[in-house]
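Here the protein sequences line up with chains E and C, keeping their order.
Residue 1 in the numbering used here is what sits at position 1 of the first sequence, and the numbering runs on without skipping anything.
Residue 174 in the numbering used here is what sits at position 174 of the second sequence, and the numbering runs on without skipping anything.
There's no promise every hint is true.
[To be verified] In silico lysine to aspartate or glutamate, EDC-like type, Cα no more than 20 angstroms apart, as pairs: (1) LYS40(E) x ASP211(C); (2) LYS40(E) x ASP325(C); (3) LYS186(C) x GLU119(C); (4) LYS186(C) x ASP217(C); (5) LYS186(C) x GLU205(C); (6) LYS40(E) x GLU332(C); (7) LYS40(E) x ASP155(C).
Hints listed in this document are in silico derivations from the structure and should not be mistaken for laboratory results.
No experiment lies behind these values; they were computed from the predicted model shown.
Now for the letters of each chain:
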Amino acid sequence: MTLLRRAIAAIGVAAMIAAGLRIRGTGGTPPRTGGWRELKGPDLQ
Amino acid sequence: MTTSPAGADHDDAMASSADRTTGDARVSVVGIGATGARAARQLASCDEVASVVLSGHGDRPDALRRSLGERASVGDPFVGAPAAVVLAGPAGTHVDLARRAIAGGAHVISSADALADVEGLLALDVEARAAGVTVVAGAGFAPGLTCVLARHLADWVDVVDEIHTARFGTGGPACARSHHEALSSKSIDWRDGEWVRRSGGSGRELCVFPDPVGSVDCYRAALPDALLLRPAFPSAERITARQAANRRQRLTAWLPMLRRPHPEGRIGAVRVEVRGHREGAAVVEVAGAIDRPAVAAGAVAGLAARWAVSGRFAAGAHGLAAVVDPAPFLHELAALGVRAARFIGSD
Numbered sequence: 001m002t003l004l005r006r007a008i009a010a011i012g013v014a015a016m017i018a019a020g021l022r023i024r025g026t027g028g029t030p031p032r033t034g035g036w037r038e039l040k041g042p043d044l045q
Numbered sequence: 001m002t003t004s005p006a007g008a009d010h011d012d013a014m015a016s017s018a019d020r021t022t023g024d025a026r027v028s029v030v031g032i033g034a035t036g037a038r039a040a041r042q043l044a045s046c047d048e049v050a051s052v053v054l055s056g057h058g059d060r061p062d063a064l065r066r067s068l069g070e071r072a073s074v075g076d077p078f079v080g081a082p083a084a085v086v087l088a089g090p091a092g093t094h095v096d097l098a099r100r101a102i103a104g105g106a107h108v109i110s111s112a113d114a115l116a117d118v119e120g121l122l123a124l125d126v127e128a129r130a131a132g133v134t135v136v137a138g139a140g141f142a143p144g145l146t147c148v149l150a151r152h153l154a155d156w157v158d159v160v161d162e163i164h165t166a167r168f169g170t171g172g173p174a175c176a177r178s179h180h181e182a183l184s185s186k187s188i189d190w191r192d193g194e195w196v197r198r199s200g201g202s203g204r205e206l207c208v209f210p211d212p213v214g215s216v217d218c219y220r221a222a223l224p225d226a227l228l229l230r231p232a233f234p235s236a237e238r239i240t241a242r243q244a245a246n247r248r249q250r251l252t253a254w255l256p257m258l259r260r261p262h263p264e265g266r267i268g269a270v271r272v273e274v275r276g277h278r279e280g281a282a283v284v285e286v287a288g289a290i291d292r293p294a295v296a297a298g299a300v301a302g303l304a305a306r307w308a309v310s311g312r313f314a315a316g317a318h319g320l321a322a323v324v325d326p327a328p329f330l331h332e333l334a335a336l337g338v339r340a341a342r343f344i345g346s347d
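The shape of chain E in the complex, shown without the other chains (with noise of 0.2 angstroms):
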């Protein structure tokens, strides 16, 4: 029983781990540099 109560322990702290990771940070670093111009003129030949 005991043995039950911290595999599940466990599996439940490990859960919550991955979930943090999961969702915490980002993917990348914003461009310091550029920015968007619209499509027209020479760009729509």
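Chain E is already provided as a structure; the job is to place chain C on it using the hints.
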């Protein structure tokens, strides 16, 4: 330049489609939701189309008919030999309806963004060619505008090595449900000569969309972009698609939707990145657009239907990247208020 839809086969198919060209075309719109209503509104006010038949559930078709005037009617979308049928209904309904339209000799413009629908529509290629009609799969914001932008960017490079698309936001409720399901389903990407399926919600990447959306984390999801782009860009070694999601959406992706979707959606954005070579040097070209997704999807679907009835698409089943001449298409889209932008500088 990269692959182009030009060629003898294309010319034959174009001639076949052109036989159906008419200035008094009848076009049916199936599914009068946020996207279908926009497409119908555009079709009812253009020169190529004489009448629009609206088909859908509830009171929406009648309400839209009243606002569109005498060029619109409500009825069976397959009666009266329509020149084209625009499919803007829920996921899972497009393939059977497309088959009926082809049997009746009508072009099919589908705004489907579900993997199964797009796979089924592309599988109708032989039937469509035999009937001399065009089936355009994924004629919406993403896929759709993304396919046109990919074709346009590809024309700026000599060889296309990689294409990466990303989208942010949703259109109407059906689009929001599709977005929710996509995030918990397997993605499909083209990678080094084979199809690769990975878990939705994985592969986080910060993607830069046009302002005011800006930089947003995007993830793999069950999106059909690679299926649509791969035939148009055989030289590409990698074709991937991602969609934006916040923490709540990622954590609850495996649950039923916890909130009722917004009826019209809010601001959305798409982004396409083409990596390739120009004059021997590696180049990266990035383009994107922002708009309310349902508005932009309706504009793309409506414009694609107009081009189809004008005989400007080759017969067969394709994504827009395989059949569209991108510059004039983007020019006409801009006149409809859907303007694309190019990222200049580092990324």
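(message) For LYS40(E) and ASP325(C), compute the direct alpha-carbon distance and say whether it is at most 20 angstroms.
(response) Given that 20 angstroms is the threshold and the Cα spacing comes to 15 angstroms, the pair holds.
(message) Need the status of pair LYS186(C), GLU119(C): alpha-carbon distance at most 20 angstroms?
(response) holds, 14 angstroms
(message) For LYS40(E) and ASP211(C), compute the direct alpha-carbon distance and say whether it is at most 20 angstroms.
(response) The given pair, whose Cα atoms are some 17 angstroms apart, holds under the 20 angstroms limit.
(message) Just to be careful, I want the Cα atoms of LYS186(C) and ASP217(C) compared with a cutoff of 20 angstroms; is the pair within it?
(response) holds, 18 angstroms
(request) For the pair supplied as a hint, LYS40(E) and GLU332(C), confirm whether the alpha-carbon distance does not exceed 20 angstroms. (result) holds, 11 angstroms
(request) Could you grab the alpha-carbon distance between LYS186(C) and GLU205(C) and see if it respects the 20 angstroms cut-off? (result) holds, 17 angstroms
(request) With a cut-off of 20 angstroms on the C-alpha distance, tell me whether LYS40(E) and ASP155(C) pass. (result) holds, 15 angstroms
Every hint from the earlier list agrees with this structure, and none is contradicted.
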